[in-house]
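Student: Protein chains in written order, with the working numbering: chain A, 1 to 381; chain B, 382 to 762.
Just to be clear, a hint being listed does not mean it is correct.
To be verified - Label pairs and their in silico Cβ distance ranges:
1) 635(B) <-> 326(A): 27 to 33 Å
2) 94(A) <-> 417(B): 31 to 37 Å
3) 99(A) <-> 758(B): 21 to 27 Å
Stated by the list, open to error - Computed footprint of chain B on chain A, listed as stretches where at least three residues anywhere in the stretch have a Cβ under 8 Å from a Cβ of chain B:
4) 40-47
5) 69-82
6) 144-154
7) 223-233
8) 263-269
9) 347-361
To be verified - Selected chain A positions facing chain B (in silico; Cβ < 10 Å):
10) 177
11) 181
12) 182
13) 314
14) 330
Just so you know, the hints here were simulated from the structure itself, not pulled from any lab data.
Fair warning: this is a prediction, and the values are worked out from it, not measured in the lab.
For glycine and all other residues, C-beta sits at the position ideal for the given N, C-alpha and C.
Here is how the chains run, residue by residue.
Number of protein chains: 2
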Amino acid sequence: MTDTTFTNHQNPSFLQACLRQATTHTPVWLMRQAGRYLPEYLATRIKAGNSFMGLATNVDYATEVTLQPLDRFPLDAAILFSDILTIPDAMGLGLSFGVGEGPRFAHPVRDEAAVAKLAVPDLDKLRYVFDAVTSIRKALTQADGKSRVPLIGFSGSPWTLACYMVEGAGSSDYRLVKTMLYSRPDLMHRILATNADAVAAYLNAQIDAGAQAVMIFDSWGGVLADGAFQQFSLAYTARVLAQLKKTHTDSAGNTITIPRIVFTKGGGLWLQEMAALDCEVLGLDWTVNLGRARAAIGGSENGPGKALQGNIDPNVLFAQPDQIATEVARVLDSFGAPYQGTGTGPTHIFNLGHGISQYTPPEHVAALVQAVHQHSRTLRA
Amino acid sequence: MTDTTFTNHQNPSFLQACLRQATTHTPVWLMRQAGRYLPEYLATRIKAGNSFMGLATNVDYATEVTLQPLDRFPLDAAILFSDILTIPDAMGLGLSFGVGEGPRFAHPVRDEAAVAKLAVPDLDKLRYVFDAVTSIRKALTQADGKSRVPLIGFSGSPWTLACYMVEGAGSSDYRLVKTMLYSRPDLMHRILATNADAVAAYLNAQIDAGAQAVMIFDSWGGVLADGAFQQFSLAYTARVLAQLKKTHTDSAGNTITIPRIVFTKGGGLWLQEMAALDCEVLGLDWTVNLGRARAAIGGSENGPGKALQGNIDPNVLFAQPDQIATEVARVLDSFGAPYQGTGTGPTHIFNLGHGISQYTPPEHVAALVQAVHQHSRTLRA
Numbered sequence: 001m002t003d004t005t006f007t008n009h010q011n012p013s014f015l016q017a018c019l020r021q022a023t024t025h026t027p028v029w030l031m032r033q034a035g036r037y038l039p040e041y042l043a044t045r046i047k048a049g050n051s052f053m054g055l056a057t058n059v060d061y062a063t064e065v066t067l068q069p070l071d072r073f074p075l076d077a078a079i080l081f082s083d084i085l086t087i088p089d090a091m092g093l094g095l096s097f098g099v100g101e102g103p104r105f106a107h108p109v110r111d112e113a114a115v116a117k118l119a120v121p122d123l124d125k126l127r128y129v130f131d132a133v134t135s136i137r138k139a140l141t142q143a144d145g146k147s148r149v150p151l152i153g154f155s156g157s158p159w160t161l162a163c164y165m166v167e168g169a170g171s172s173d174y175r176l177v178k179t180m181l182y183s184r185p186d187l188m189h190r191i192l193a194t195n196a197d198a199v200a201a202y203l204n205a206q207i208d209a210g211a212q213a214v215m216i217f218d219s220w221g222g223v224l225a226d227g228a229f230q231q232f233s234l235a236y237t238a239r240v241l242a243q244l245k246k247t248h249t250d251s252a253g254n255t256i257t258i259p260r261i262v263f264t265k266g267g268g269l270w271l272q273e274m275a276a277l278d279c280e281v282l283g284l285d286w287t288v289n290l291g292r293a294r295a296a297i298g299g300s301e302n303g304p305g306k307a308l309q310g311n312i313d314p315n316v317l318f319a320q321p322d323q324i325a326t327e328v329a330r331v332l333d334s335f336g337a338p339y340q341g342t343g344t345g346p347t348h349i350f351n352l353g354h355g356i357s358q359y360t361p362p363e364h365v366a367a368l369v370q371a372v373h374q375h376s377r378t379l380r381a
Numbered sequence: 382m383t384d385t386t387f388t389n390h391q392n393p394s395f396l397q398a399c400l401r402q403a404t405t406h407t408p409v410w411l412m413r414q415a416g417r418y419l420p421e422y423l424a425t426r427i428k429a430g431n432s433f434m435g436l437a438t439n440v441d442y443a444t445e446v447t448l449q450p451l452d453r454f455p456l457d458a459a460i461l462f463s464d465i466l467t468i469p470d471a472m473g474l475g476l477s478f479g480v481g482e483g484p485r486f487a488h489p490v491r492d493e494a495a496v497a498k499l500a501v502p503d504l505d506k507l508r509y510v511f512d513a514v515t516s517i518r519k520a521l522t523q524a525d526g527k528s529r530v531p532l533i534g535f536s537g538s539p540w541t542l543a544c545y546m547v548e549g550a551g552s553s554d555y556r557l558v559k560t561m562l563y564s565r566p567d568l569m570h571r572i573l574a575t576n577a578d579a580v581a582a583y584l585n586a587q588i589d590a591g592a593q594a595v596m597i598f599d600s601w602g603g604v605l606a607d608g609a610f611q612q613f614s615l616a617y618t619a620r621v622l623a624q625l626k627k628t629h630t631d632s633a634g635n636t637i638t639i640p641r642i643v644f645t646k647g648g649g650l651w652l653q654e655m656a657a658l659d660c661e662v663l664g665l666d667w668t669v670n671l672g673r674a675r676a677a678i679g680g681s682e683n684g685p686g687k688a689l690q691g692n693i694d695p696n697v698l699f700a701q702p703d704q705i706a707t708e709v710a711r712v713l714d715s716f717g718a719p720y721q722g723t724g725t726g727p728t729h730i731f732n733l734g735h736g737i738s739q740y741t742p743p744e745h746v747a748a749l750v751q752a753v754h755q756h757s758r759t760l761r762a
């Protein structure tokens, strides 16, 4: 049994930073890096009938768009092209994306009868996702047998899925889901328990299919009240993590460690509590000061701690390239010099604090990635 | 010169708590307490041509709707019925409210020429606001000459006003205003400086007209990145506060202290920095743990510190009355027993963490107010 976590890669920097090991530069990838801001993405989407789910459910298209940003920018990781709402769709809620609109469920879960019908979906209904993972891994494998960059799988968190399942769409006030939470907590717990078990099975299947890291997007954890967050979001993220594979062994007997990333948008006030999660990396949005987060939860040399991922405001990408470089340096400097020893210590993975905007000029993304690589090398000098 | 800050009131509990003095119960009022959830509000609005600004610009209607919630619920403070966007409207941006829509400006501020034209507006254009304050104060004055409850005046913060002025309406991503912030910080600073001076003049005029406390709503401060918040929101809130009257002396020679409240929605991560603001009260949203906030910035007996205002999730009001009472107790308990001595110490003003929803059943508000008064008395026993 050989540990190939890092050796099977041309560029293991993302995985190394996830596991709090030293890298020569700060690895960078961008949430929603395969997306509408890229003309080549829009072209592929037209081929798929101009449908988001048409892209996501077609293995070839999903592979194509996942690789598009890597061909433009020297990003240090790839992320599966998919949606966080595939699980509720497989549960039978009927996901659709109207043109120019967000996601919508035909059958939202709003009463006891609807909750009673919920169950962990047959994973066969999500086969298209696992097939895409395998296909993308294959496309990332180079002539020397190594992976060009690691592939991240992902899922929405139990709470975030529940928000969409109850609201039936995005929401500005979360009135329906919070009404259920406060008036029928029993129903909410039932939904969340089912979601947690479904998310765990879903991510484990992505790992089996080839995902080399997994990320849980708690996009709406930050809308919860203190107290409710711990009970209705954090506890169920923990329930997912408790069921996740920590390693994966392939048929050749090679074993890899699978880093697990948890990102709660708006969760900065609960970092101390999130530090207790059984995961390797915490994602942060732009409201969090990276230096303070490092001091609080980044850990010390060879001690416990979390790698930190984030956290520039995606709107910085609307400034000019020299201004982008300045803001990138500010974010890198706020974290400070990452660990440079031979053991483990505080590390940083550069990312946005939220998904990239569809209006982003692609050449500004190039400026950002270059600035991250360049400035993060000088930070280590 | 007589200090009538508390003596001129039938119920000074709100002002006492603002100034960190002991009260027999925790005072409570609700952001947007005069509003669409009340059928009598809707009736008055019909009389005003079903127009929000029709209500706000008519002294009699503004007075009527300000008092409506006080006639239903034993609230401990009144707040002027108006909008945070009156200042940019007076600057000539052309405020309107479409039916069922949020506010919209006909002339958003998006380029150098538009910024150059901005100036502190002639306060005469806001006379309707000051007249409403005077009228409401008169309506609140009882037969014994005392005020039934204190009247709070308010304004949007410089940054929050700038968001609407640049975006032209509400926004989900603040792309336009942040694009200006990151690419033309000089223009953004110019807007904010003008806004700050306008807000200060506006609040001082409200104080002259009779407002007994003032509140700055930084509704969108929490969308800023760490660093940007301090530079583009907090610094300009401080600029407002530096210009505000701390006391008001009437023609009879009576002097009152004017407590100043600052509320940054989503600002929980910056409480330590907000504690340095020259104001008496900080408003908190529901993501903040009141016990931690008290420990961090509530101060100790006769030491410096801020009174804390907040912070229940408005969606709690969609649960049943007994569940509302449970959540109210949870919030009160998280603050703990307020100061009960004869000097100053940590105090709490109960409120929502954001404006009340238009879908709230009024009888649930009654349950909330009753629970606050009842449970907060037992906390002191």
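Student: Next, verify each hint and record whether it holds.
Tutor: Consistency of the hints with the structure:
no. : hint                          : result
1   : 635(B) <-> 326(A): 27 to 33 Å : violated, 53 Å
2   : 94(A) <-> 417(B): 31 to 37 Å  : holds, 32 Å
3   : 99(A) <-> 758(B): 21 to 27 Å  : violated, 56 Å
4   : 40-47                         : violated (count 0)
5   : 69-82                         : violated (count 0)
6   : 144-154                       : violated (count 0)
7   : 223-233                       : holds (count 6)
8   : 263-269                       : holds (count 3)
9   : 347-361                       : holds (count 3)
10  : 177                           : holds, 9 Å
11  : 181                           : holds, 8 Å
12  : 182                           : holds, 4 Å
13  : 314                           : holds, 8 Å
14  : 330                           : holds, 7 Å
Checked against the numbered hints above, the structure violates hints 1, 3, 4, 5 and 6; every other hint is satisfied.
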